[in-house]
Structures are given as structure tokens and as C-alpha cells.
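Peer 1: Residue-level listing of the chains:
Protein chains: 4
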Amino acid sequence: MLSSPLPAAPPVPSVLPALLRRYQAVRQQTADLCRPLLPEDTVVQPVIDVSPPKWHLAHTTWFFETFLLKEYADDYQVFHPDYAFLFNSYYNSLGSRVNRADRGTLSRPPLHDVYAYRAYVDERMSQLLGDLQDREAELPAAFTELFELGLQHEQQHQELLVTDIKYILSTSPLAPAYLPAAAGAPAAEPAPAAWLPVAGGVYRIGFEGPGFCFDNEQAPHDTYVADFSLQNRLVTNAEYLQFIEAGGYRDFRYWLGEGWDLAQQEQWEAPLYWVRKVDGWYRFTHHGLLPLNLAAPVTHVSFYEADAYAHWAGARLPTEQEWEIAARHFNPVAATGTWLESQRFDPQPLAPDADPTQCHQLLGDVWEWTYSAYHPYPGYQRAAGALGEYNGKFMLNQLVLRGGSCATPESHIRLTYRNFFHADKRWQFTGIRLAR
Amino acid sequence: MLSSPLPAAPPVPSVLPALLRRYQAVRQQTADLCRPLLPEDTVVQPVIDVSPPKWHLAHTTWFFETFLLKEYADDYQVFHPDYAFLFNSYYNSLGSRVNRADRGTLSRPPLHDVYAYRAYVDERMSQLLGDLQDREAELPAAFTELFELGLQHEQQHQELLVTDIKYILSTSPLAPAYLPAAAGAPAAEPAPAAWLPVAGGVYRIGFEGPGFCFDNEQAPHDTYVADFSLQNRLVTNAEYLQFIEAGGYRDFRYWLGEGWDLAQQEQWEAPLYWVRKVDGWYRFTHHGLLPLNLAAPVTHVSFYEADAYAHWAGARLPTEQEWEIAARHFNPVAATGTWLESQRFDPQPLAPDADPTQCHQLLGDVWEWTYSAYHPYPGYQRAAGALGEYNGKFMLNQLVLRGGSCATPESHIRLTYRNFFHADKRWQFTGIRLAR
Amino acid sequence: MLSSPLPAAPPVPSVLPALLRRYQAVRQQTADLCRPLLPEDTVVQPVIDVSPPKWHLAHTTWFFETFLLKEYADDYQVFHPDYAFLFNSYYNSLGSRVNRADRGTLSRPPLHDVYAYRAYVDERMSQLLGDLQDREAELPAAFTELFELGLQHEQQHQELLVTDIKYILSTSPLAPAYLPAAAGAPAAEPAPAAWLPVAGGVYRIGFEGPGFCFDNEQAPHDTYVADFSLQNRLVTNAEYLQFIEAGGYRDFRYWLGEGWDLAQQEQWEAPLYWVRKVDGWYRFTHHGLLPLNLAAPVTHVSFYEADAYAHWAGARLPTEQEWEIAARHFNPVAATGTWLESQRFDPQPLAPDADPTQCHQLLGDVWEWTYSAYHPYPGYQRAAGALGEYNGKFMLNQLVLRGGSCATPESHIRLTYRNFFHADKRWQFTGIRLAR
Amino acid sequence: MLSSPLPAAPPVPSVLPALLRRYQAVRQQTADLCRPLLPEDTVVQPVIDVSPPKWHLAHTTWFFETFLLKEYADDYQVFHPDYAFLFNSYYNSLGSRVNRADRGTLSRPPLHDVYAYRAYVDERMSQLLGDLQDREAELPAAFTELFELGLQHEQQHQELLVTDIKYILSTSPLAPAYLPAAAGAPAAEPAPAAWLPVAGGVYRIGFEGPGFCFDNEQAPHDTYVADFSLQNRLVTNAEYLQFIEAGGYRDFRYWLGEGWDLAQQEQWEAPLYWVRKVDGWYRFTHHGLLPLNLAAPVTHVSFYEADAYAHWAGARLPTEQEWEIAARHFNPVAATGTWLESQRFDPQPLAPDADPTQCHQLLGDVWEWTYSAYHPYPGYQRAAGALGEYNGKFMLNQLVLRGGSCATPESHIRLTYRNFFHADKRWQFTGIRLAR
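Protein chains in written order, with full-length UniProt numbering: chain A, 1 to 436; chain B, 1 to 436; chain C, 1 to 436; chain D, 1 to 436.
No wet-lab data here; the hints were simulated from the structure. On a predicted model such as this, the values are computed, not experimentally measured, just so you know. Be a bit skeptical, because a hint or two may be false.
Claimed, not checked - Covered, in the sense of this in silico footprint (three residues per stretch, anywhere, with C-beta under 8 Å from a C-beta of chain D), are these stretches of chain C:
| no. | segment |
| --- | --- |
| 1 | 27-41 |
| 2 | 82-96 |
| 3 | 101-109 |
| 4 | 172-180 |
| 5 | 278-288 |
To be verified - Calculated lysine-lysine pairs in the DSS-like style (CA-CA distance at most 30 Å, straight line):
| no. | chain 1 | residue 1 | chain 2 | residue 2 |
| --- | --- | --- | --- | --- |
| 6 | B | K70 | B | K277 |
| 7 | B | K425 | C | K425 |
| 8 | D | K425 | C | K277 |
| 9 | D | K277 | A | K425 |
| 10 | B | K70 | A | K277 |
| 11 | D | K425 | C | K70 |
| 12 | A | K70 | B | K277 |
| 13 | D | K425 | D | K277 |
| 14 | C | K70 | C | K277 |
| 15 | A | K277 | A | K70 |
We treat Cβ as the ideally placed atom computed from N, Cα and C, and that holds for glycine.
So that you can see chain A by itself, here it is in the shape it has in the complex (with noise of 0.2 Å):
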């Protein structure tokens, strides 16, 4: 949900037609995203939590149907009737729905279709657009912020459909590449990681703008830290796999009981998507089946594995509120870390010269657990309507990451960024950098 702290100023008609290339950038990265699929990739949901590509393109735009052009553009006719209760995702204050779990079973709409709908969505948004320009005094107070929220929405999406495909893809023995394979020698492993020391206090943390964000950023708000480290990098492949041979994923006492449990009823040897082979460990990527780079940030990680390693290694994971007192300090420059917008799919590993006073891999490449529980800032409130369910009631039994991964859109990210995953999730891109 977007936040209170907006522009004072209320955007102007002037505006509008930067916001319609902003919107139609965003709907084309999504549609660019899907388009290595085959139809037959867009209507499986293997477990629960991966959803359809198909449903995925329709969903958002259903958003921009429901929360925008229903509310905005004059005599707007639904695209389909049905389409409400098909692409609804958790919204009980728009009526019932498919059942999250059947997403999966429903070839129908067919693909074709969706993108059919996408295009009239689209269209009637860049008609909308318009004609708020044509009518410059009538431009709704809360138009912008529900816009904003529609392609911030849509990114998230955008993420999810990176992770999505990944699982889609990996449960076929033919381990069958989204995109060809990428060129490059294995990189040299950075040097051993440094440990960089911020200093206790009261510190201020929280969106406080201009720009936009989600509602759980909110409100800004002091913290106390006592005297803490960071490491300067993410914990990398080769750490983690000695953490494996020396044992770790059968020894009970790194782990946390629900976390052991689970491990032995999976039972987890290695992070997702790793595979053993006679020749050593590979990987499953959005380039097929890859031989394990040691040089590069484990991930792929449960946060019960994130904390066993860290226990393992004599440390432990930072809190939310260390990470962003780090990040402010460290202030460092998302263009550095690896995006969406590279392709890679895969975190990268840091350059074995790079200076090992600072901190590195904060924003990009992968989401960093945090050991705080995603609970309300104080003075959170929930917004009025639909949107109060965007992200408040989902705050309770998950935990906090932080700094956007590999598959997140550059521009989506922020330092004050709050992630949140059940500890027990795996399919994202999701690593480890460790405190003390």
C-alpha cells in the first residue's frame, strides 16, 4: 500500500504522460518475462506457493481492473465477469475466489486469452490516462497512489513470475532452460569476509520520503542497537558446502526444532535446486542444470538453514533493524548488485579485490533473512478497504528480508524494504550475510 508521506503536492495532468510510459515499461517487463514460456509453462502450479505464469498476467492485471478503472473510467465494462473470481488473490473484501490451491487445475482461460486481456486493460488504462489529462481539475486525490501501488504491485509479480518459472521448470527430469545458458569462466572466490563494526545507539528507521511506499514501512520510528557487526559479503557456495560436509544437516543442535524437523521429514541435504552428482554438486538454473559456482552467494536457503549456518558458524543473523542501521551507514549503491534487469537469474559473486571496508551485496542478488519477525512498525495502521489486506494481516509467522534479490526490478527496491517469508520457503532467492 502506498504511503502516507507522498508528494504534498498532488501530481499534475502535466505528469501523465510520464506515468503512461512508466505503466506501459512495467507491463511490457512482465509480458518480456513470459515470453521464453510455452503455453503448457503457464498453467501448472507444482505446490502451493509457485502460481501460474498464466495466472500471474492475469492477476495483475486485474488489479489495475479492479483498484483503477472500475473506480476512475467512465463506463468501464469488465473485460469477463468470471475474471473477478478467477484472478482475486486474497482479497476477502472483493468477494470469493479460486481457491489458492486450484490455481493450478484451471487450463481456462487459455494464454491467448489473457494476453487478450492484458491488451484491454491496457488500452482502457492509456485511455484513462488521457482523459484525466483532457479533464486537468478533476484529477482524483487518490488516483496516483492507487497507480503507483498497481505497478509496484506488478513487480512484486514480476519476481514472483522469475521464482515461479524456476520451480516450474526444475520439477521436469529434463531440467529444461528458461533462457540459454550463460557464457563465463567460473569466477575467482572473493577473499574470506570481513567483519565491519557499527556502533549502538538510537537510530531512526522507516520510510520517511518523498516517493513511494508500502504501508509496512511505516511509521518511521527510533530503535535502540547495541554495538553490533556485519560481514562485509554474503555468505558464499563454497562456506555453505562446508557447512554440509562438516555435517550441519545432520547435527539437530545448529537447528531450530521446528526447522530440524522439517529437515529430516524433506530430507534436506542441501539447499533447493541443489543436486549431487558423481562429478560433484550442480545447480538447477533458468539456464538448466549448472555446475555449482563456488564463488557465488548460497542461496536458495530456507531461514532455518540461514540459522543453522550461522550457529554453525559461531555467529548469527542480523535483525531487521541492524540490517537497515548498516545499510544507511554503508549507503551503498544498488546499481552495483545484480537486478532483474541483467537476466542473470543468479546472485553474482563479488570480486575477490574488492575493499573489504565496506559492505558489499547489500541491495540485489539476494534476499537477506533477517531474525526479526514481520510485525506492525509501531503506529502502523491499516488502510481503509481492500487495500488494508495488501499487507497488514499476513503480520504475524513470518520473518523480514531485506535488500531485493536477482529477480527483483532495480527500481522496486529500498533500503527501508520489508520482504517477508515463512521460515520454511526455499524458492525464493534468498541468502545469508551474518552478524555478531
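Fit chains B, C and D to the given chain A structure using the hints.
Peer 2: Frame of chain A, contents of chains B, C and D only:
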């Protein structure tokens, strides 16, 4: 599996061109059934019983590859080394395989590759038949049996394709049509059912050849039945609707215990695919949602519903012995039934002026539930090797159905044919004939 | 339910003292069976099939209260208004009840109250019989039937008490004994089994009176069987051990599909209660953990195991028709079997010098699995009212067992008696006799 | 686990008589709690959270046997070699054990043997303390810590005994009373709640000794809170009833998503144990079914209900930091709360004339849900060995509760005490205090 009493004389090579023509015709019919589908429709598995059409297309091909090409074709190279894992259905003898419940998670190989697989195997089968013709003396003894079995097997999957496609399309609230709706006014209801007596005594049942049968139709054997009567036609939708309106779904006294529990749990109120609207009952069909045709035989009922209906009607279901004895007695003409080839995909009403002294609709239209367990006949022997798993291992906890349905290829049926399903299944074209 | 061909003459009051003595004897036998139990043993329900002994004690009492006292005793006051809810087993006709799976959650009423319930009902039953004697002319027509049914019902629960107590005690690693271990050296193994031929033909089976039978033993009817042979004794532990040692539990070819899947999932390696120790096989018994007696009949096998054993041995299980025809032919003496009254609670070995031309162990010792579905006999009719639920609604997906076991009261059995269980059940004293 | 800042001086043998007296008092209190139970009550486990009382009695005993007698008593012989398997709760370090869900399947060992086990261990503990007194110089360093931990552990199980007994008795429709109903007229409702402000700032929280604490209360550390207010008393049944009557259980807007789904699935309409009758609301209590006391604090609510109530009331739940800061500020007197020792087993109403400037009911009566995840405090370290599993491995996906309840022994509580349960649990005495 093929029965033993096949033509005593081994097939001579001169029959090979005829075999090839049959092969091509059966294979073509499978592809024709899938032509109206979109790629998306061929992937999903909304419930465990319903396999993705893509899987049927590949599995039937794998059958020929495994049992014929790998055995009889010189230097046969499999199309793809992983396909045996992907498309083996349930043969433990042939190694591990995709878990049945996971067939719908596999978007790859895509439909296009599956058709390429079919073309590859068809080409090799054609070559093999040609080679065999060239080597007259070498025609292997078991070859014809396996070849015939492959065709019969593919016909069984044609029926499943028809019923699985229906289920797949039914899950969408869009109620899509597989084919355009057939024209035609509602039929007049048939005359009231008449009871046809059959004298008791010792009768011989089971297949006695010549020609093909499945192993479960053997050995032929004597059986004793007491005097009984059978209704001269199937139960209609109009009759079944009376059961519904009389509260049949709310009165446990008509039901078997397991059926009653299931009906409560699943909140059954009518056969599968029935939809109650403001203006009356509708049914989802291969042509979309259509008004209920009162004159047509009721279908998509479980054994539990068939048995409860019979109780309510003061009658009972026949045993499979009674059914076969009566069928031999009344000697039905297959051509009068509705079969797959008609492309009607729905059982058809009996003409109001049908001869009341004849037993109608015994073949085609709907599979008729019998109150007989699917157990081995006296003298039944499982075949050696993988084909011993074809039928024998399923001979428990299922019920026999007789007569074929509108989804059965006409050339596939026999009076001795034993189909079998669990008592709760409703997605096949199953119906009711009363006995007493 | 009581059969129709009861004594044509209505019971005269002069039989009432005899009825009372039988009532008291049966009721006493139930209480005697529970005497070795601690209150703790009478509460638990380790799996859904196994009911708490406390529940059996109360449910059999509720049966007399509901079907006799409430119907025939003047001004009968129920012992407690909630007991009908607590102790109704499965009669929909008689209202809602505790979910079967929750019987083991109820610590109250305590055992003491259940015995008070029994005493209260026994007292009223005694009064009722006395009153009926005083009013000679008024002896109700249905009374004797229901009275007899109540006793037979209680005997059925005596058998369940024996098997449920065994299961309950077996869950503790302490392997507690219900009774002290019986003395005695291991028996000599019986002579090799001999095949006894029976000529085929039309035979009459089913109960034809006089005396009591359950409704499922009717109507008597003709049936045809081909020539067959039956083994002259039960399969022994020694024989079954050969099957185990030959890898029978690891070779799918011997098994029905559902049985194989279950055996894998539950990791079956031997019959229920067998324990492999360093010095050989042991069995948990009513006398604690004892070395396996090789000479004794194998027991606690599921139908799946019995059928797999038969396959392995190159034989098959008999049908219930074959069993009854053979039993009538060989006319076994019940007294030679092992029954509940012996308090041995284990099937006993056949003497090595037993006459090889006779068919032994048909009655008592173990229930013999047949390959016959538990379906209604021709002419079967469910009774009206609640007792129509006694047997009829279970006539699907179960298999018939014949002959009674060492947990059956001797007076409870008949050659026509049809017991029935699902194919996976192992906690009853179930065993194997081979046919071919 | 025992905290580090214990008395610096090692306990001298002269304290041993006092230790023994405390040991005996705590152990006696456990036995006293079970005295009103019948043996049947001590066996059942109606849901996985509720352990059989027999198990609690034995497990607490096993704790002393394992951590003290086996470590410190010369030539200690365990009472029974299987009891470690039977009565270990969750210590992987100490080997395999009965599956938690199966505790209620074990009728043996019977209650009598468990009491013998207690007597045996008590006797050996008494001997050990005597021996230690005789060997003044040898008093082991860790002994006192483990001894204290054993007592605290047993007190925790006393609380569980109270709540588990309540649940066990509640499952019977007989609504049996654990103790006779307490007399007394319904209390007058307390005055409306007042808001007590607390100034924001950096505060120190966590245990700083001297005396015992659990390891999860450490390390003491600074934390920052903004200004906040807390209500001066607990939410009452009268207030909660308004939420119910206002449709609180039918309006998803007040609820967290997981809570809403659960409430729908379980059909929650009121707190656990509430029963709506024709003449109003009742609650099942340790004294049977009693009319709802409107003046008493609401209890047996899940976190989801507490949070939904707070939303509806326009407030929120406090964090554990706020709770502890406020509690230290208002410095409550434990003696004013309702504790286990009162044997009232129900939270008591606040007097109508209670001082509105004071913060009441902070200690005792009900555990107060906080909106704080149960995570490790800064500087928290798991202990080495088995006791490292005592608390640390549970630090995820649970919420902190503060203040103790009417089932907590008074000597067991501290202002820094952190209790923890999953958000869905309702069988503890859990309640609500509002913050804003």
C-alpha cells in the same frame, strides 16, 4: 493382456498391411480427440484420477516403444532416455516413475515434443511392420498379441481422454465447450421401463474366443444364477430427478455406509456435472453447460448413488453374471449404441416407441454398474513379466461395469468386457440399469 | 440381525428362566474378560479400529437398554440421558453420537460408572424377564429375536475386546501381559499339508435354520462351483516364515497393487505383532512377548499378506462359497477348535499325527480370509428400522472371513457365519488356508 | 535453563536441608494436583497439546533422574530401563522417544507404577542431598543450578497439569467437575478501564538477578520504546461479549489472515470453553459448567482473537518490551493476583473500587498476549548439552506472554518471565490487556 485362445494359426505376414492400417487408424483417432484442445488443456491434472491429455498421448506411445520396438525392432534407439520415467504408468517391473499425483506438475516436455514422440514411434512401428513382412519366416510368436494389446490399450486411453478432457474443462467457471453444441430439440421421454425375466440355471460366462480379450475375461466358466429380471432400458435423468426430489440425497436409509459418509462430506446433491440454476437443472457437457435432457440416461453417478437409487426404487443392481447372461440372451446390436465415434459424448435417449420386449442400451451410452466385485475369475492367471501387472494387481475393492459407453470406441467392446472402478468414481460415463 | 426362519412356535414364558441364565452367562463373560485390566487400559484408543474396553462394556449395555428396555419395560428410565450419545456406535436412526475416532478422548464416565450402568441394566433386564413371565399371554412377538440379537451382539464385542486389549497392551514398550504366560514346551510341527478335493456342482449355501443367524447369512441359495481342493490345515508360522525369508515382502509380483503400496508405506516385514530380535522372531501375545511358535497357525495377517502368500505358494485363497461347501462336506467338530473360552488367546498347532484325510481347524483358531467380497446374498433384505443398519450398510469393500477364531465364543459360530473386514486389517486373529 | 548471574557464592551444604524442604514441597504440590483425578483421567490425550497427567507425573520425575541422579548419585540404578524412552519429552540429545502424538495411546505403565517411580526418585533425591551434606567439600558446582531448574521445570508442568486436566474433562458431554463448584455470588463489574501513560525512552529489560531465571530472560539489554499507554486492567468477559455481539467473529477486517482462516475452519464463535445455552452463555470450568461471570477477565482466547479484539476496540496489544517496562514502573504486588495455590483455577474480577491510577492484574490471573515474537534476546546463548534444548530451539513462530496465570505457582513468576505459545493456542489461561 491378451487372452490365450487367440487364433490358433500364427498370423502370417500377409496380414501385416492390415495391421498397419489398424495401427494408423487407432493412433489417428487419439490425435483427433486432442485436436480441439489448447496446449494449456493438455497439462493439468485437477484430481488424481484425471491425467493430463499430454500424458495420455505420450503414455500410449511409450507402451508401443517399450513392449514392441524395444523388443522387436533392430537397434531401436529410444526417443528420449527420460521418457520411460515420465510416461510409465504403474509398472513396477519397468522401474521408477513420476508419482501419479504429480503428472500435472510437469509442463515439459511440451505438447509439441509429445507429438514428435508419437511421430517417431509411429515411423519406427511402420518400419518394424515392413521389416517383419520382409522376413516372413521370422514373425515372432508373441508379436501379434502385444501389437493387439497396444491398440486395445490405446483405445482404453481414448475413453479416458474423453472423460478427462470433460473434467478438465469443467473446473473452469467459464464452462468452455470442447466442441460446439450439437443442435436438436429435446427428445421425448422413453416409455416406462419394462421388466424382462431371465430364467435361472447354470450358464457359461467369460470369453471363449476367437479374437482378442483381456486376461480378466478369462477363464470361461460356469456360474449359477437364480431367476431374475432386468429392466429393458437404462434409468433416465427424469427418473433420477424423482429420487433427488424425494430427498434421496438426504436419507441415509438408502445408502451404503461409506457412500453416505462420502456424500455428506462432499455435499453431493446430484450427479457430477449437474448444476442447479434459477430456471432448472443444467449439466456440464463437452458442448458447455446445457439444460438437463430428461429423456437421456442418467450418467456420472457413483456406485453409491446407483445403489441408493436402486434401493429407493425398490430394486437392486444386477451382478455381472446376470448382466452377461442377459446380454447373451438378448444379443444386442452394438450399432444401436452411442460410441466414441459418434462424437456425441453423451448417452442418448431411447426412442419412445422402442420395442418393450427387447433389452435396449446394453452396449454403448453408459457403463452399467454391477454389484459385483472386480475379482479374478476361476482359473485366472496373471501373465509373466510386466504385463502381469496390466489387470491382475487391481483385482480388489473395485466394482465391475459392463457394456461400454459413449466414450468407448465401438470396436473395443465385447459382451464379456469387464471394466472396473472404485465405488466413489463419477467422472466416467457411468449409469444405472435395475434388476430384481 | 435375527434371521426369519426362527422357531415357528413363539417362545413360551417357560423358556424365560433359561433366557435369563443365558443372559447372565454372556454378560458375566464380558465382565470376566475385563477383570485383568486396569482402569487405564479401558480408556485408550490407539488406532481408530480399536475401541476402549470401557466403551465396549457400555455399548453392549446400551444395546439392551435401547432395543429391549426402552421398548418393553414399563416406565423404563434411562440410566443417564447422555449415554445414548456416548455409546451409540453407528446407528444413524438413533441420532448423533461421539465421532468414532474420539472414543479414546473420553476419560469420563469412568470405569466404575460403566459397571454401575451394566448393573442397572442387568437388574432391569432381570425384572423385565420376570414381568414377562408373570404376564404369560403378553410375550411380545419380536422380543425373543431382539433378546437373542443382543446376546449375539455382546459375543461379537467379546471377540473385539480380546483383540482390542491385545492391541492396546502392545503399544507399550513394556510389553505387558494380560494374563500370565501359559506354560508348555513348543509343539512339534504338523505334517505337511495335504490337498483335499471337493467335487464341483451346484450346492446350496446360506443359513436354513432352525436357530439364530445374522441377516447376512440369508437367503439360502444355490451356487455353482467347479472342482476345487482345499488344504487340510491352516498355514503355519514355519511356512509363513519361509515366505518372509524368500523375500516375499520385497517382491511386488506376489501382491495386489493396493497391498503393495500399503506394505511399502507401513514398512511391513512380517505379520502384526512379530518382533525380530537378535536371537530370532518373537510375537507379542496376551501373555507378553514370546518366542514364535513355528508349529502354530500364522495369524494377524491382512488379506493382502494372505493373498501374497498364496501367490508365492502357487495357490490361491478359497471363495466363501468353496469354504462353506467344503465345511459342510467335512462337517468339522467345533469342539476341536480353540475358542475364547479356552483363554489361550492364540491359535494352537495341529497335532503331527492328525488324520490327513480330514479337514482340520475349520472352526476356531483363526478367521480364514476368503477371496469373496462381503456383498448381499441373493434375496437379502435389510430389516426395517435401526437394525437395518446392523449389517447391510457395510456390504462393500470388505472381504468375508469364515470359521471363527480363538477369540470367538464357541456358541457364537456357525458354518454359515460371515465375518467381514477390510483387506488391510491385521489386529483380528486372521489366518490363511490355501485353495487351488 | 538456569541463568548465569546466580549467587556468586557456591551454595554451601548448610542450605541442603532447605533445598530438600523445597524439593518436597514442589513434588507434593504436583501430586496434590492429581489427587482428584481418576486413573482414567490420567491416560488420555484428546489433542496433541494436552499430555496425559500420568505423563506429566513421570516426565518431571525423569527430569530429576536424568539430570541429577544419573549425574551425581553414586551407583544410581534407573527405576526402569524403558522409562527414558517413555518419558523424555523433546531432548534429541537424550535419544529416541515416544512420538508426542502417541502419549495418549499408552495405558502402561499404570498410574500406580508412576507413583512408585516418583517415590523411588524422591527417596534417592533425599539420599543424594543427605550424601552431599555429608561430603561438604564436594558440592558440585552445577548441582544447585540443575536442582533449581528441576524444581522450576516441575512448576511449569504443574501449570500444564491444571490446563490439561481442564481440557481432558471438557471433552466429555458429562461436564465433570475436577473440584466442587466454589460458592459465591457473581461479582460486580469493575470500573471502565483507564489508560495509564508510560513515557518513551531507552529502558533496560531482561533478568539481572540475583536468583533464578530461565536462559531466555537473558541477556539483560537496553531497548527503546516510544511513549505508550496501557490499560489499567484486563479485558473482561463483558467487554469481550460486546465484541462477539458486534459480529467480531464474522468480520474478517479485524483479523490476521491466518487467524481468520482458522476461525472459519474451526467455526469459532467465542473463546474456548464457552457454551451458548437458551438462557445465556456458560463456561466449562474446573468446577463444571457455570454461567459466564461477566466481571471476570476473559480467558482461553488465542492470540488471533486477542488481536482481533484489540483491532475492534481501536487499540492494540502491547509488545513484551512495553509490558516489562510498564510492569517495572508500576511494580505490582504478586500477592494481589490469582495463583495456582488459590485453587480457584479461574481469573478473578477486579474490585469495582480498585485505584484507577494503578496498573492491576499484571501478575497472575491470565497470561497476557503480547505482539512480540519469541526470539532470542541480544546476547542470548544456548547452554551446552541437553539443556541447550530447553528453550532455545523453540525461538520461532511463537508469541511471548507475560505475567503468569491462575494456574501458575506464585513462586514461579518474575516480571522478566517470558512464556510463549503459538498464536492459535487457547487451552492455556490466556487473556488480553490493551495498549495504544
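Peer 1: Could you run down the list of hints and mark each one as holding or not?
Peer 2: Verification of the supplied hints:
With 4 residues bearing a CB less than 8 Å from a CB of chain D, the segment 27-41 of chain C meets the requirement of three and the coverage assertion stands. Given a C-beta distance limit of less than 8 Å, the hint that chain D covers the segment 82-96 of chain C holds, as 3 residues qualify and 3 suffice. Figure legend: the segment 101-109 of chain C, annotated as covered by chain D; annotation consistent (7 residues with Cβ-Cβ distances under 8 Å, at least 3 required). Taking a C-beta to C-beta cut-off of 8 Å, the segment 172-180 of chain C contributes 4 residues in contact with chain D, enough for the three needed, and the coverage statement holds.
Under the rule that three or more residues need a Cβ within less than 8 Å of chain D, the assignment of the segment 278-288 of chain C is violated, with 0 such residues. Proposed proximity of B/K70 and B/K277 is contradicted: the alpha carbons are some 54 Å apart, above 30 Å. At roughly 24 Å between alpha-carbon atoms, B/K425 and C/K425 fall within 30 Å of each other, so this suggested pair holds. About 42 Å separates the Cα atoms of D/K425 and C/K277, which puts this hinted pair outside 30 Å; it is violated.
With a C-alpha separation of about 45 Å, the suggested pairing of D/K277 with A/K425 is violated against the 30 Å cut-off. With a CA separation close to 28 Å, the supplied pair B/K70 and A/K277 stays within the 30 Å bound. Restraint check for D/K425 and C/K70: not satisfied, since their Cα atoms lie roughly 43 Å apart, outside the 30 Å limit. A C-alpha spacing of about 28 Å is found between A/K70 and B/K277, which places the hinted pair at or below 30 Å, so the restraint holds.
For the given pair, D/K425 sits about 24 Å from D/K277 by alpha-carbon distance, which is consistent with the 30 Å threshold. Using a Cα cut-off of 30 Å, the hinted pair C/K70 and C/K277 is violated, with the two alpha carbons roughly 54 Å apart. Between A/K277 and A/K70, the direct Cα distance comes to roughly 54 Å. Violation of the 30 Å bound is thereby established for this hinted pair.
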